[in-house]
Structures are given as structure tokens and as C-alpha cells.
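A.B. asks: Sequence:
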Amino acid sequence: MTVPVEDELWQRFRSGDEQAFTAIYNAHFTTLYRYGYHIANDDELVKDTIQTLFIDLWRGRRNLSPTDSIKFYLLKAMRRQVYRAIRQQSAAFTDADAAHGLSFSPEFDFITLEVQAQQQAQLRQAIDQLSHRQREAITLLYIDGLAYPEIADMMAVQVRTVYNLVYEALEKLRKLLVQPGFWVMLMAGVVI
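For the record, in the sequence shown the residue sitting at position 90 is 90 according to this note's numbering, with numbers rising by one throughout.
Any given hint could be a false lead.
[Said to hold, decoys possible] Each pair of labels, with its calculated beta carbon distance range:
#, residue 1, residue 2, range
1, 29, 122, 25 to 31 Å
2, 77, 158, 37 to 43 Å
3, 52, 158, 38 to 44 Å
4, 27, 175, 35 to 41 Å
5, 43, 67, 24 to 30 Å
If you are wondering where the hints come from, they were derived from the structure by calculation, not from laboratory data. We put the CB at the ideal spot given by N, CA and C, even for glycine.
My request is simple: use the sequences and hints to build the entire structure.
C.D. replies: Shown next, in the form of C-alpha cells:
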């Protein structure tokens, strides 16, 4: 969305327009889910957190400030909500990642799914060896498409720190992963 369209949509939402609220929810649910899942690694917790976030937004809409980027505003709010939910939850649960497949022949589909499942498992193991901050930084950069200054603001660190976190994460992944195909998939956001 362009800035004027986002401004208008946000203003309509703040004024109580349910269609604007629905449009914001539909436009950003997937991004919020993906980001929340990378923090919590818990499908139900993330879905519940998104619902709570939007309920809170609707209830407090009249007190919300204007924003230049709805996506950035929501991601920042989502981050706070997920960490709050994690603190309230006593046990952590994990869900398996879904494999992505191509539709050619059944044999090709099977082979592709097997290879992707193996690569995803290896990449997930490598990513799990990163620090929490490194995982968060590369998720925000490569998956959610935020700029370094936005990531710095979201993580409450200096921009230089974000550069360092991303660099260190990529160096560590490079050492852990020997197949070059991982880097194409990582940059495309296919398997994280």
C-alpha cells in the first residue's frame, strides 16, 4: 500500500470503520503470523496473540496515534504481544514446518518434498543454533522485508547492532550449511 492509502485506511479504522479494520487484518495477518511464529514457534499461541492484538487495537482505536507504516506499527505491537504471551505461558510447544512442493509428476513431487523436508530440517537446526536476537533480525530483514532502521527501532538497538547481528547470523549459517542451495532458499524466504 502507498502511504496516502495507508494513512486513509488507518484513519478510517481509527474512526470506527469496520471495513478498514477488516482490510488491515486481512492485509497483515500472514506477516504477523510468520513474524510471531519465528519468535514463539507455537502456532496456537501466535494465532491467539494476533486475535488479542486486533481486539486490543479495535477497543483502543480512538487512542491510537497516526502511523507512516501500518505494517511496521503492527509488527512492533505484535512483538510486544508475543513476548507478553510467552511470559504468561508456562511451557513452550513447537510445530513442524510444512514442506512446499511443486506440481509436476507424482514422482517428482515426492522427490521434491523429500529433498525440501531434509533441507528444511537442516536449515531449521542451523537457525536454532543462532542466538534469539540473530534469528529475529534475519526474520525481520529477509522474511518481513523491514529496513535496517526499522529493525533497530523494533528491537530497541542501534542500526549498527542490527548490521552486526545479520552479519554474524549469516556467517554462522554459512559455516553450518555447506549446500549453496540453502542460500537461495533463505534469501527467498522459502524455508525459514
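A.B. asks: With reference to the structure, classify each hint as holding or not holding.
C.D. replies: Each hint, compared with the structure:
no. : hint                  : result
1   : 29 to 122: 25 to 31 Å : 29 Å, holds
2   : 77 to 158: 37 to 43 Å : 22 Å, violated
3   : 52 to 158: 38 to 44 Å : 30 Å, violated
4   : 27 to 175: 35 to 41 Å : 38 Å, holds
5   : 43 to 67: 24 to 30 Å  : 28 Å, holds
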